[in-house]
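Asker: Below are the chains, spelled out letter by letter.
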Amino acid sequence: MKAAVVTFPGSNRERDIARALKHASGVAPAMVWHAETDLPAGTDLVVLPGGFSYGDYLRCGAIAARSNIMAAVQAHAARGGLVLGVCNGFQILCEAQLLPGVLMRNDRLRFMCKRQNLRVERTDTAFTHRYAQGQVIDVCIAHGEGNWTADADAVARIEDKGLVAFRYCDANGVVSPETNCNGSVNSIAGIYSEKRNVLGMMPHPENLIDALVGGTDGRGLFESLASRMAA
Amino acid sequence: MTATAPRITPELVAEHGLKPDEYARFLELIGREPTITELGIVSAMWNEHCSYKSSRLHLKGLPTSAPWVIQGPGENAGVIDIGDGDAIAFKMESHNHPSYIEPYQGATTGVGGILRDVFTMGARPIAALNALRFGSPDHPKTRHLVSGVVAGIGGYGNSFGVPTVGGSVGFHTRYDGNILVNAMAVGLAKTDGIFYAAAAGVGNPIVYLGSKTGRDGIHGATMASAEFDANSDEKRPTVQVGDPFAEKLLLEACLELMQTDSVIAIQDMGAAGLTCSAVEMGAKGNLGVELILDNVPCREEGMSAYEMMLSESQERMLMVLKPEKREEAEAIFRKWGLDFAVVGYTTDTLRFVVKHHGETVADLPIKELGDEAPLYDRPHISNAFQPTIDPASVAAPVDNATALARLLATPDMCSKRWVWEQYDHLILGNTVQKPGGDAAIVRIEDGPKGVALTTDVTPRYCEADPVQGGRQAVAEAWRNITAVGGLPLAITDNLNFGNPEKPDVMGQFVGCLKGIGEACLALDFPVVSGNVSLYNETQGRSILPTPTIGGVGLLDDVTLHATVALRQAGDVLAVIGDTTGWIGQSVYLRDICGREEGAPPPVDLAVERRNGDFVRGLIRSGKVTTVHDCSDGGLAVAVAEMAMAGDIGVSFDTLPADIPAHAFLFGEDQARYVIAADAATIDAVAAEAKAAGVPFRKLGVAGGDAVNIPGETPAKVADLRNGHDNWLPNYMAGEIDHP
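Going down the list, the sequences are from chains A and B. Counting with the UniProt record's numbering, you get residues 1 to 231 for the letters of the first sequence. Counting with the UniProt record's numbering, you get residues 1 to 739 for the letters of the second sequence.
Keep in mind that a hint or two might mislead.
Simulated restraints on C-beta separations [as the list claims (entries may be wrong)]: (1) B:A733 <-> A:R66: 38 to 44 Å; (2) B:S382 <-> A:T216: 53 to 59 Å; (3) B:E15 <-> A:A71: 43 to 49 Å; (4) A:K114 <-> B:P656: 51 to 57 Å.
Per the computed footprint, the stretches of chain A lying under chain B, defined by three or more beta-carbons under 8 Å from a beta-carbon of chain B, are [stated by the list, open to error]: (5) 7-16; (6) 52-64; (7) 69-75; (8) 206-216.
Partial list, computed: chain B residues near chain A (C-beta under 7 Å) [stated by the list, open to error]: (9) A5; (10) I8; (11) T9; (12) F245; (13) L249; (14) T347; (15) D348; (16) T349; (17) R351; (18) Q422; (19) D424; (20) G429; (21) V432; (22) G436.
Treat the hints as calculated values from the structure; they're not laboratory data. Just so it is clear, the structure is predicted and the values come from calculations on it, not from any experiment. Even glycine gets a Cβ: it sits at the ideal position worked out from N, Cα and C.
Please work from the sequences and hints to get the whole structure.
Answerer: Following this line, the structure appears as structure tokens:
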């Protein structure tokens, strides 16, 4: 498994995600500084971690999306390489146009940190094959700008092609306005690129890998990635 | 000085907050009239905030040492040893006045300042906590202040990347004009990697790091502009603006630099900015300091020496570096996009010399700026003690189930979920106990150790009896740490009071400090850092005396801890500690009977220790995993909180006949814990308690979906939770003003 975690100025969950990757694969990922122009040779997976890159000034993810390293991330994705963006990483992927849409301010206009159920929408991807179809996982959110939206055509395309990765739901997997924690279109918590090699998601599976610290429902994602890359 | 330098008039001296006798003392010290920059420097060094001139005398009496204390008060933060080469640095500090003026920025800079204090010591912040007090909910500014302060605390901590794991929020009309924002930070260091403020070596470079210096936060700036510079009428904000992004970069750059063996001394630029940090580094190292202000990175054009010396721009540090490491250090700061400038050097003159545009604008004796600061033994009167209230004399205005439901939905007792859900409390992946328990638990890296963290104070007790209130604040912190299984190790204190020039307020201060000192001594729980905030007073009315205690404890094995939630039907509940039905100063008396009076519950420190050690033993041996501290609202509230957390009802046993039922249920006797376990375990605990001479009483049994008090209508847990959870969100949404 060769994973690389990109650190931008203001990233703050890079250690959390590195820990989750190491936990699942036994190997610590390479930490790559944003000013670099190349990814380590043989990188299978690039992770853009959570945080407040460039302080979320201007617009969340907008400045980081123009970092040196992002050209290499673009090329990696174009080659079919795996890219995971969590929270601020998702915002960066949208700003870099590796994924469609944009993350707006939560509809409640407040930062929200809480446990949140997600429904796994498909399990035939490198990111989710260790989960069961429709499985409800209990992870957490921690964001102020997680309200995903896109124009109607883009939403229709994503839905038609089955590119929704996760939706906010209740403990029984029921998706409703009450379970939509931030106002996202169709309760979308995460989406794939067309080739499903790029995943952006707002929730933090990396903080739910330990029974002592809230639960282990986030492990499936990292174990999926680890086993796919080991193969 | 230049031609625009103003004359030092008595008015100018007064505007700098110096009393005539204090100014005379300064004149005597330097033997000539000061420059305006020197006046600014001494006003900053000798104000209450930096000099502790009213409090110093009394702070000396606090116990500050123990075998595990590595650094006590006097540094950027206190440091304790938690074994295996690990150390915890922590401190709490207030940002009360700025937060009332501009709640968001006041709170952010409060959090930023305390985080900086901790990582200055070489510790990576692993947790933040806070203690907030607001005015009455129906005061027109309260909602705005709550909203701004909470958003500000979250805005800074969330972006910086530290979990905000605990705190407290309270409301009282005495805070209407003076809210309290006390922020605490906790960091993890290696015992051999701790950094201090004392400079060493002559001729070593003094380096300025971090953000640029602007005109923000300049003390006494209101008077200055016209006199300094006739052409300038810019508004100089006295509240600084926080930049958590810059702070995060500063953290990473400092910790990276500290790995390189370059740093001789480091000091955060907090209150009074460059002045205080440079003087402290020199004075602590028995060295002089020469600063060349032309090298200070400035955000604005044309800043004067006075402005640079007094600016409180945020996210700045001062370091003394090994000269040969300068280039390596500079490269690290450039990598992180931060300013790095050599702004002076250490000298052997013991003078604090400041140069600007080739002129010497200040030349002062460095030790005396700190050591010779005024010291006051202010008159104080001990406050009139309130009478003990006989529980039998207090009639119950409503039945107990109704009183319970009402209490759980009051501003002080309601769930604070609305607040802590705006704080990222899960980042770093080590939050074993999140907000909502007795104390937060944060695992140390991959374990098995963890720290238990809490902030506590009961201001109404301190007002009614400062000594007992001071004791209780410490005992409560000790108890909350104990209740999760932690061994309490040390505290930081944040002493918020009114105007110390009033003998009754000074009496509160002296009394509370006496109580705090007694409790620290009796509980082996020394003070290692702290902060004093006086003059919290508006229109002659002071705040309630509020000595907030931030406690840190250690869990050797974080898997052996307790939580408040009931686990299963059939578990038996019991209370450890004696219940007399102490009703004076209880929230029941205040919020149900409308009487804010009486003596507060006495704190017997030997009993605290005995009962707490017993409970901790139960947790650490794995016998009991459900424990809740019993405090505000007494047994009934503690039991209801356990029921709500576990979503299981409780049936109380027959209540004792010798205490009025409402006094038994809602009295606030100290040194008590409610525990729950299966019946066989509880029987074994009863026997152990008897052998140890610890009071033990069975309370009832878990089961069903309601809290049942004998002879009363059951209170459904779901209904209790509804009221408990919804008061604050409804209030903040503007749907209610008061229950």
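Asker: Each hint: holds or not?
Answerer: Now for the hints, and whether the structure bears them out:
1. B:A733 <-> A:R66: 38 to 44 Å: holds (39 Å)
2. B:S382 <-> A:T216: 53 to 59 Å: holds (56 Å)
3. B:E15 <-> A:A71: 43 to 49 Å: Given about 57 Å between the Cβ atoms, the range is violated.
4. A:K114 <-> B:P656: 51 to 57 Å: violated (41 Å)
5. 7-16: Coverage by chain B holds here, the residue count being 6 at a Cβ distance below 8 Å.
6. 52-64: holds (count 5)
7. 69-75: Our answer is that it is violated, as 0 residues pass the Cβ test (under 8 Å) against chain B, missing three.
8. 206-216: Held - the stretch 206-216 of chain A has 7 residues with a Cβ nearer than 8 Å to chain B, which meets the minimum of three.
9. A5: violated (39 Å)
10. I8: This hint is violated: I8 (chain B) lies away from chain A, its Cβ roughly 42 Å from the closest one there, beyond 7 Å.
11. T9: Since chain A brings no Cβ nearer than about 44 Å to T9 (chain B), farther than 7 Å, the hint is violated.
12. F245: Result: holds, 3 Å to nearest chain A Cβ.
13. L249: holds (6 Å)
14. T347: violated (36 Å)
15. D348: At 40 Å from the nearest chain A Cβ, D348 (chain B) fails the 7 Å test, so the hint is violated.
16. T349: This hint is violated: T349 (chain B) lies away from chain A, its Cβ roughly 40 Å from the closest one there, beyond 7 Å.
17. R351: violated (39 Å)
18. Q422: holds (5 Å)
19. D424: Cβ of D424 (chain B) sits 4 Å from chain A, so the hint holds.
20. G429: holds (5 Å)
21. V432: At about 6 Å, which falls below the 7 Å cut-off, the nearest Cβ of chain A leaves the hint on V432 (chain B) intact, so it holds.
22. G436: violated (12 Å)
The structure fails to meet hints 3, 4, 7, 9, 10, 11, 14, 15, 16, 17, 22 from the earlier list, while all remaining hints are met.
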